[in-house]
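Number of protein chains: 2
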Amino acid sequence: MKFVARKDDFLNGIRIIERATVIKGLQPVLANVLIETIDNNQIKLSATDYDLSITTLIEAQVEEEGKFTLPAKKLGEIISRLQDELVRLELNGATANITCKNSKFDIIGISASEFPKIDEAISEEDSIEIETKPFVKAIRQVVSAAAGYETNNLLSGVVCEVNKNILEVAATDGNRLARVREVIKNLSQDEEKSFEMLISSKVLSELSKVALLTEAENIGIIKEGKKIVIIVDKTKIITRLMQGQYPKYNQLIPQTFPKEAKVDKNLLIAALERVAVMVNEKNSIVKFELLDNTLKLSGDSPESGNSQDEIDVQYLSEPITIAFNYKFVLEFLKIVESDEIYIELNTPLSATVFKPCSDEDYIYLVMPVQLRN
Amino acid sequence: MKFVARKDDFLNGIRIIERATVIKGLQPVLANVLIETIDNNQIKLSATDYDLSITTLIEAQVEEEGKFTLPAKKLGEIISRLQDELVRLELNGATANITCKNSKFDIIGISASEFPKIDEAISEEDSIEIETKPFVKAIRQVVSAAAGYETNNLLSGVVCEVNKNILEVAATDGNRLARVREVIKNLSQDEEKSFEMLISSKVLSELSKVALLTEAENIGIIKEGKKIVIIVDKTKIITRLMQGQYPKYNQLIPQTFPKEAKVDKNLLIAALERVAVMVNEKNSIVKFELLDNTLKLSGDSPESGNSQDEIDVQYLSEPITIAFNYKFVLEFLKIVESDEIYIELNTPLSATVFKPCSDEDYIYLVMPVQLRN
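So the protein lines, in turn, are chains A and B.
Going by the numbering used here, the first sequence opens with residue 22, and the numbers climb by one from there.
Going by the numbering used here, the second sequence opens with residue 22, and the numbers climb by one from there.
These aren't lab readings, by the way, just hints derived from the structure by calculation.
Just so it is clear, the structure is predicted and the values come from calculations on it, not from any experiment.
You may find that some hints are simply not true.
Identical copies look the same in the list; a pair holds intra-copy or inter-copy alike.
List of simulated lysine to any residue pairs, SDA-like, C-alpha gap at most 25 Å [as the list claims (entries may be wrong)]: (1) 23 - 380; (2) 94 - 312; (3) 247 - 286; (4) 158 - 337; (5) 308 - 391; (6) 185 - 207; (7) 223 - 33; (8) 230 - 338; (9) 94 - 305; (10) 125 - 294; (11) 122 - 377; (12) 94 - 291; (13) 122 - 294; (14) 88 - 348; (15) 88 - 322.
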């Protein structure tokens, strides 16, 4: 194998695939990137942790075909430090020689035959193509509401649905629920066909990062049995669909709320962060009291003391006292773009919805915590 | 105790003294700051870990005298999040009430009687006053050459000497030695008197940070028996002098060098960082080969492979091959201000001096490593 590639292309390729490497696993080859020549002008980089696989193509001037694996982290460190020039890679037995201007490296690798086969085959039976930007934004807005990553926990997944030109993305961990609905350009061939998938929140976070690195305008998603292949420009992300019945989350969202407060987002963030210095670290509870255009916040820590703060809001409904894990509320406040938000309430024990005052269709439902006294 | 202080003054005071607190020690009171009213217009903040004590005065409008201790970290978090206004603190039994605009906190503290006494007494028998800036710069330039902090290791200290208007600051850990000499304004009353001290590098690093926070133009240093008191504006840093005979380091610096290379600092940093990706992580050895206006660098890692690089330098002496722990060299290169540096050499096994090409009197001596083959 012998080829010449631009430093930036090579580095970008490694940055994309290295998310799927396993640094300190039992199989050393999983820490490596598989480098293969494809034709005279392209090489392919691949990495896999068995659960998630990523492949990408980069431009190169191929002088001799072949394939080999090299430690992805070391290779990334080396390429990133090279001067902005052409990088030449030449295989020489069990080492790859990399040269660039006055710099030379001999890197010990592992034979490509030890690298697991990545199943990229697709028939495009059930596929969709949509705009990248709104999809990535929706992922960012819901992903924090998913449960922590566990292979067999459906709640660690994110639901994505496309119906004609409506995208719906949602996640819930049982304590909160985030849902985004957006009008998008549906670029699929059969745009009447609806599309639905449940995919790990971890994979979707990686997808957002890859999308940023490629700057691709559109994303293709293909379901193939239990497998899902996401195509962003010249990059493929391959993972498995999560199987099972995801909760019917739309039924959990109350249709009407008798009480509504309009709140300045930045005032609430500042007050919440102040009050949160004095909360019980075990449950992170902050009490919200709404009364006569005022929101009073209070925290109480058994060891350190207590805190109170208040901000002006628009609220003229019945007074209410309700408590939340403040971290859930803060997560929403830090993601939402609108400077003003609505808090929509029912009783101190019912699901409360936080949402932007803008016309974005984005809701963040938080279950309150019962107060002892 | 009852007083009102400006948020910024209060926060700055806590930032200064919190460096001497012990967060998870056996004595909870050592995590606290002692707050005392001094007169109608000043309060004093103190913290100590027994080894290092810091006290500072801040302006305040005192309404009721008293003293109390509060957890320094929590207090800093609270004050930093308050709006930029006057902060009122009022003692109320075992809690302090802090109020600022709409924010209120009750913080549980510990009685001042449990706080250790800090011995600040000074007779000014042996003292000196010098400019802050050159002193802080000299500390920054030598402190990395001191050995890691250990109470009884003299080499973890830094030597500071003032003779008339010459400041000399030096540190060595046995493998390298940094020395700075600077002409300074000596503001002491008896400027003929020479002054010398050996002080922990850890304390000097803290001193640099405090000096930056206070922006004081001058620093006073007072030796009092085994104690040393450093006065920066309204802050006192109290620690003990290190006792013992520090090595006569000036004797270790060769007077003449038969070989000299003039090197571009930034080219060397870039090449060294590239080559360093492939060094043995146990000893961090990089080989330097000087020959005909060229510096070749090479690294070798038993597991990953090897690396070579070369840069143009000014070198016309006899060829030499010498090896260093590259981290020592890089530390100097990242601290020195001059864009060009000299490497002054003798034999592959003798002390090598790195120094700026500017007229700064700053040398960084590194002992080479013997190459096996």
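Here is what the structure says about each hint:
Taking the shortest Cα distances, residue 23 and residue 380 never come within 25 Å of each other, neither inside one copy (55 Å) nor across copies (49 Å). In the homo-oligomer, the alpha carbons of residue 94 and residue 312 never lie at most 25 Å apart, since the shortest distance is 56 Å inside one protomer and 33 Å across protomers. In this homomeric assembly, residue 247 and residue 286 never come within 25 Å of each other (Cα to Cα): the closest approach is 42 Å inside a single copy and 56 Å across copies. Taking the shortest alpha-carbon separations for residue 158 and residue 337, neither the intra-copy value of 34 Å nor the inter-copy value of 60 Å comes in at or below 25 Å.
For the identical chains of this complex, residue 308 and residue 391 are intra-copy neighbours only, at 10 Å inside a copy versus 66 Å across copies, given an alpha-carbon limit of 25 Å. In this assembly of identical chains, the alpha carbons of residue 185 and residue 207 lie at most 25 Å apart only when taken from the same copy (7 Å versus 80 Å across copies). Taking CA atoms no more than 25 Å apart as the test, residue 223 paired with residue 33 passes inside one copy only; the shortest distance there is 21 Å, against 41 Å between copies. For the homomeric pair residue 230 and residue 338, neither the shortest alpha-carbon distance inside one copy (43 Å) nor that between copies (52 Å) is at most 25 Å.
Taking the closest pair of Cα atoms, residue 94 and residue 305 come within 25 Å of each other only across two copies (18 Å); inside a single copy the shortest separation is 38 Å, beyond that limit. Taking the shortest alpha-carbon separations for residue 125 and residue 294, only the inter-copy value of 13 Å comes in at or below 25 Å, while the best intra-copy value is 51 Å. Taking CA atoms no more than 25 Å apart as the test, residue 122 paired with residue 377 passes in neither setting, with 53 Å inside one copy and 27 Å between copies. Taking identical chains as interchangeable, the C-alpha atoms of residue 94 and residue 291 lie at most 25 Å apart only when they sit on different chains, with a minimum of 19 Å there against 39 Å within one chain.
For a Cα distance limit of 25 Å, the shortest separation of residue 122 from residue 294 across copies, 15 Å, qualifies, whereas the shortest one inside one copy, 52 Å, does not. In this homomeric assembly, residue 88 and residue 348 never come within 25 Å of each other (Cα to Cα): the closest approach is 48 Å inside a single copy and 35 Å across copies. Proximity of residue 88 and residue 322 under a CA criterion of 25 Å is satisfied inter-copy only: 23 Å between copies versus 60 Å inside one chain copy.
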